[in-house]
Amino acid sequence: MVMTVVTASAVSTAKAFCPGHITGFLAKASDLTCSKNEDARDKRSYLYMGSTGAGLAIAIGLSSAVKVFEKDNYSQTTYDVYINGSNRNINFEVTKSVVEEYIRLLREKSYHIRIEHETSVPIGYGLSSSGAAALSLSYALNSALNVGLSLEQAAQIAHCSEIECRTGLGSVLAQYVGGFELRSALGAPGVGIAYRIPCPSSRQDLKVVILCLSPVSTKKFLTHHIRSLNGFGEKMLERLKITRNTNDFLDMSFEFADTLGLISGRSRILVSKLKSRGFGCSVALFGNTIFSIVKWSDVADVVKCLKGSGGKLLICDIDQQGARLIDK
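Going by the numbering used here, the first residue of the sequence shown is number 1, and it counts up by one from there.
A hint or two may mislead.
Unchecked claim - Pairs of lysine to aspartate or glutamate, EDC-like flavour, derived with a Cα cap of 16 angstroms:
no., residue 1, residue 2
1, Lys295, Asp327
2, Lys207, Asp317
3, Lys307, Asp317
4, Lys275, Glu238
5, Lys96, Asp31
6, Lys235, Asp251
7, Lys109, Glu164
8, Lys43, Glu116
9, Lys235, Glu255
Please keep in mind that the hints were generated in silico from the structure rather than gathered at the bench.
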């Protein structure tokens, strides 16, 4: 990443939003340790890697604004990155991977690109902030640089960057689709299969209550524990395809996380408290983050159970649109 001071007006701009995402359970997952020896110049194999399982997109997430400035054609394209207005101590590998892929697509053209991420979800808590950064940025770069890719192709770049950086497996496909989703085949958008489960009209008031307790390294988890996940959630996915119910999803997510030993300490105490009061809940994969899906009328009771436990409390809708370009 090269820091460059630019005073001229931008020749083009674009902005995109991507919802955050909570993975409830995984059915199958690619072994990322097998990709360590892949030729970095050939990422096509990444299109066929990913995960199956179930999760939901949330109406808070991350937006990426792109401003493009002209430069001398003989100079190298440069870029700088800001997150919530700051460019200090930024180590967003997936952003670098996405923007450098677009720089390769530019060929002889030369620009300076200013990237401005704005996130309303905390980073590292299992809410797919890296997937949101990759997908929203890919959409914005594709538009601002007039590369001419379809949204599906732009989403594939984001997916491959997530695999390359080991920051996620199925998040981009899920965030591309949006909503309460099931992923039934591995791969990037256009390769993998995911579909949105519509909530019944009588439950359109559903809210997601989230308590972020402490961050977990997705890369570390996926690198060292991915083999223990495979197969366990397949029967869950088949059942959920039939019931298509958010309460069943919460129960399956809890069983999955509990069996793998992912609920402990404060999380176990709070999850037990919620369940004793009749509220289905679980922890997000992969983060020490508790979540529940309840009717609006029950939100106050859920918050009361979680109050005073520390962490960051979030209340939001289920996002039904998926990633999209937005007006500045």
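Cross-check of the supplied hints:
1. Lys295 / Asp327: violated (31 angstroms)
2. Lys207 / Asp317: The hint holds at about 5 angstroms.
3. Lys307 / Asp317: violated (20 angstroms)
4. Lys275 / Glu238: The given pair, whose Cα atoms are some 24 angstroms apart, is violated under the 16 angstroms limit.
5. Lys96 / Asp31: Cα-Cα ~23 angstroms, so violated.
6. Lys235 / Asp251: holds (13 angstroms)
7. Lys109 / Glu164: Status violated; Cα separation ~26 angstroms.
8. Lys43 / Glu116: The given pair, whose Cα atoms are some 26 angstroms apart, is violated under the 16 angstroms limit.
9. Lys235 / Glu255: holds (12 angstroms)
Checked against the numbered hints above, the structure violates hints 1, 3, 4, 5, 7 and 8; every other hint is satisfied.
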